[in-house]
Amino acid sequence: MKTARLISVTMLATVALTACAGESDDVNDVPRSWIHQEYDGVGPTYTDSLDTPAAVGDEIHGHIAAEDRLEDDGHVFLRYRDDIVAITPHQSGSMIEIDDYRDGHRRWKSRIGNVWPDPDSEAFRGGGPGSGK
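The numbering of the sequence shown is our numbering, which starts it at 1116 and goes up by one.
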């Protein structure tokens, strides 16, 4: 009887762990594969030859919502959990660039200023707003 109970408990635990393994903690990750399918180019740089940065930002945000969005002089920045998507004017359309948060913040600091936390500051905790607080 103990063996049957032990097997049952083991099987239930295995099923529960398998079910949980399919769930992602990365709820707010950049939709890289979707961007790769929708736009021309090879990561981390893509282009849309027709749409404005604002329209492309709406499309990407509509697929997976960004934690925050900034617009500055025709440039659109989407903040995801660990990444920044920069959408800039390019010829008659847009260029889409994906950077990890630290590199993207440094690269685009002149445009995003102090609106988003500086990853090099002591106050930065990473993981997006609310994480680890």
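Treat the hints with care, since some could be wrong.
[What the hints assert, rightly or not] Using C-beta positions, here's what the derived DEER-type ranges look like: (1) Asp1144 - Pro1232: 26 to 36 Å; (2) Asp1233 - Leu1165: 26 to 36 Å; (3) Val1157 - Ser1236: 14 to 24 Å; (4) Arg1184 - Asp1233: 11 to 21 Å; (5) Gln1152 - Asp1235: 12 to 22 Å; (6) Arg1147 - Asp1173: 12 to 22 Å; (7) Ile1179 - Val1157: 16 to 26 Å; (8) Ser1236 - His1151: 11 to 21 Å; (9) Glu1153 - Gly1189: 13 to 23 Å.
The set of hints was computed from the structure by calculation and includes no laboratory data. Since the model is a prediction, treat every value here as computed from it, not as a measurement. By construction, the Cβ of each residue, glycine as well, lies at the ideal position given by its N, Cα and C atoms.
Results of checking the hints against the structure:
1. Asp1144 and Pro1232 have their C-beta atoms about 18 Å apart, which leaves the hinted 26 to 36 Å range violated.
2. Between Asp1233 and Leu1165 the CB atoms are about 35 Å apart, so this pair conforms to the stated range of 26 to 36 Å.
3. Between Val1157 and Ser1236 the CB atoms are about 33 Å apart, so this pair departs from the stated range of 14 to 24 Å.
4. The hinted range of 11 to 21 Å is satisfied by Arg1184 and Asp1233, whose Cβ atoms lie roughly 19 Å apart.
5. A hinted range of 12 to 22 Å for the beta carbons of Gln1152 and Asp1235 is inconsistent with their spacing of about 34 Å.
6. For Arg1147 and Asp1173, the Cβ-Cβ distance of about 18 Å falls inside the hinted range of 12 to 22 Å, so the restraint holds.
7. At about 20 Å, the beta-carbon gap between Ile1179 and Val1157 stays in the expected band of 16 to 26 Å.
8. Remark: the range hint 11 to 21 Å for Ser1236 to His1151 is contradicted by a beta-carbon distance near 32 Å.
9. With their beta carbons about 21 Å apart, Glu1153 and Gly1189 fall inside the hinted range of 13 to 23 Å.
In summary, the structure is inconsistent with hints 1, 3, 5, 8 from the numbered list given earlier, while agreeing with the others.
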